[in-house]
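My request is simple: use the sequences and hints to build the entire structure.
Protein chains: 2
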Amino acid sequence: MQDRDEDPREPGGDTRSALIRAAIEAFGRDGYEAATTKAIAGAANANQALISYYFGSKEGLYVAAVEHIADQIGARMGPIGECVESETRRLEAELSMPVEDRRIRYFDLLCQMVDGFAEMLTDQESAAWAQVLVREQQQPGPAFDALYGRVQERVLGQMARLVARLNGESSPSAADRLTVLTIVGQVLVFRTARAAVVRFMGWETIRTQQVTRIKHAVHHNLAAMLGVEHE
Amino acid sequence: MQDRDEDPREPGGDTRSALIRAAIEAFGRDGYEAATTKAIAGAANANQALISYYFGSKEGLYVAAVEHIADQIGARMGPIGECVESETRRLEAELSMPVEDRRIRYFDLLCQMVDGFAEMLTDQESAAWAQVLVREQQQPGPAFDALYGRVQERVLGQMARLVARLNGESSPSAADRLTVLTIVGQVLVFRTARAAVVRFMGWETIRTQQVTRIKHAVHHNLAAMLGVEHE
DNA sequence: GTCTATAGTCGGATAGAC
DNA sequence: GTCTATCCGACTATAGAC
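Those protein sequence lines, which keep their order, are chains A and B.
For the first sequence, counting from 1, position 62 maps to 62 in this note's numbering; every step adds exactly one.
Adding 231 to a residue's 1-based position in the second sequence gives its number in this note's numbering.
Source of the hints: derived by calculation from the structure; they are not laboratory data.
There could be a bad hint or two in this list.
[To be verified] DSS-like cross-link-like pairs, simulated, lysine-lysine; straight-line CA separation at most 27 Å:
#1 A:K38 / B:K269
#2 A:K58 / A:K38
#3 A:K58 / B:K269
#4 B:K269 / B:K289
#5 A:K58 / B:K289
#6 B:K446 / A:K215
#7 A:K38 / B:K289
Small disclaimer: the values here were computed from a predicted structure and weren't measured.
Below, the structure is given as structure tokens:
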């Protein structure tokens with residue numbers, strides 16, 4: 001009955017990754033304590049004892065799950081980040097470009113990062129990731145360092161550099177970093193306060209249609225905050 | 232040894248409220264599942280069995296805790312809310328007042344609400360509350376309705392009305408409500424992503440000094456977003 | 001109202017056959 | 001690598017004396 005998406009009977013029978021996927025789902029939905037190894041093994045069509053075999057313990061599985069998330073996010077935000085960096089260098093080099101045009105390009109790049117962020121936060125596929133990440137923020141566990149180092153530092157840092165350039169500075173000040181956090185917050189709230197959001201907006205869920213409106217609202221705010229002309 | 236802040240040996244020996252206080256602490260710090268009735272009873276200098284006696288079950292205690300938080304927040308945000316409402320009515324009535332002055336007053340009221348919110352989120356005393364609330368948002372439990380009805384609906388609605396008036400409308404549009412959520416998000420992020428925040432800013436904790444800077448940054452954003460002249 | 005003691009349950013980890 | 005069976009510890013809830 002309902003043979004699932006994963007078939008652990010593959011050659012090389014990757015039970016290990018099936019366990020990680022199931023773990024992300026479970027840890028995200030129920031939290032670390034409430035999630036049980038039994039349920040995770042069940043969802044992965046694997047045996048409970050294999051968790052110890054592969055990861056040593058429940059905590060080992062959790063760490064592996066968070067690292068896997070960090071990799072996935074890196075793969076997803078990485079391209080945007082690289083694009084931003086190369087584009088930034090190109091802009092630095094083009095000395096002939098007028099300041100105002102340059103600002104608009106920086107602004108576009110910033111919007112691109114925010115959009116990627118918004119899509120990731122609300123995307124169905126990554127819903128479980130987001131839940132895990134939010135939990136990890138509030139009670140940084142043994143997996144936090146890997147997460148922060150691999151993803152957050154890079155993304156936040158890049159946004160801060162863009163904001164700094166928009167403000168005509170060469171490197172980000174404390175005020176710029178604060179601004180970045182308030183920008184991130186404008187998107188993040190739609191995940192962290194999801195329950196209140198859907199009630200307040202009268203939405204049923206947060207789908208592409210809603211995400212579009214969220215992006216639009218945040219773009220509008222950014223343009224005003226940073227003093228950029230915007231349609 | 233170490234007789235704590237609370238002395239359950241008071242006349243009327245309010246073990247009940249001691250349990251609620253300890254429960255908020257524990258549920259906030261550890262989450263619902265990880266918090267144990269044994270630890271809660273211990274922290275309250277009470278007997279474990281009394282939890283069943285007073286609240287029926289662990290879940291009963293949790294609901295009581297959330298309701299208590301809702302009451303406390305209500306008591307804290309209530310005065311601001313009432314002030315806002317009476318002030319708003321007064322402004323509606325004063326037909327002679329020029330539009331621009333009126334906008335500035337609305338803006339001030341909005342800032343006041345944001346400030347109250349920011350203080351509450353970062354305040355030491357209410358740290359445990361905030362943790363419980365954030366958790367409850369992500370996985371609305373049996374206590375969510377009471378919470379939303381008593382607090383969030385009122386606060387968000389009030390902010391939305393202020394934003395609507397600032398935009399020259401008589402009642403809040405969907406866009407206004409979205410704006411309100413992005414405003415709330417700008418403050419909320421300092422709680423929900425606390426771990427990343429302190430690293431990114433290079434802070435040790437979030438104390439009054441940092442809160443002041445947060446408020447300042449958000450005020451600046453609000454002024455730009457809503458098109459209000461601001462120092 | 002408050003206590004002790006314990007029943008009943010469940011989850012994580014391990015031993016050892018295959 | 002994967003399985004079954006089981007141990008051990010921890011937690012919630014209850015029974016019942018005071």
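Here's how the hints hold up against the structure:
{"no.": "1", "hint": "A:K38 / B:K269", "verdict": "holds, 25 Å"}
{"no.": "2", "hint": "A:K58 / A:K38", "verdict": "holds, 10 Å"}
{"no.": "3", "hint": "A:K58 / B:K269", "verdict": "holds, 23 Å"}
{"no.": "4", "hint": "B:K269 / B:K289", "verdict": "holds, 10 Å"}
{"no.": "5", "hint": "A:K58 / B:K289", "verdict": "holds, 25 Å"}
{"no.": "6", "hint": "B:K446 / A:K215", "verdict": "holds, 24 Å"}
{"no.": "7", "hint": "A:K38 / B:K289", "verdict": "holds, 23 Å"}
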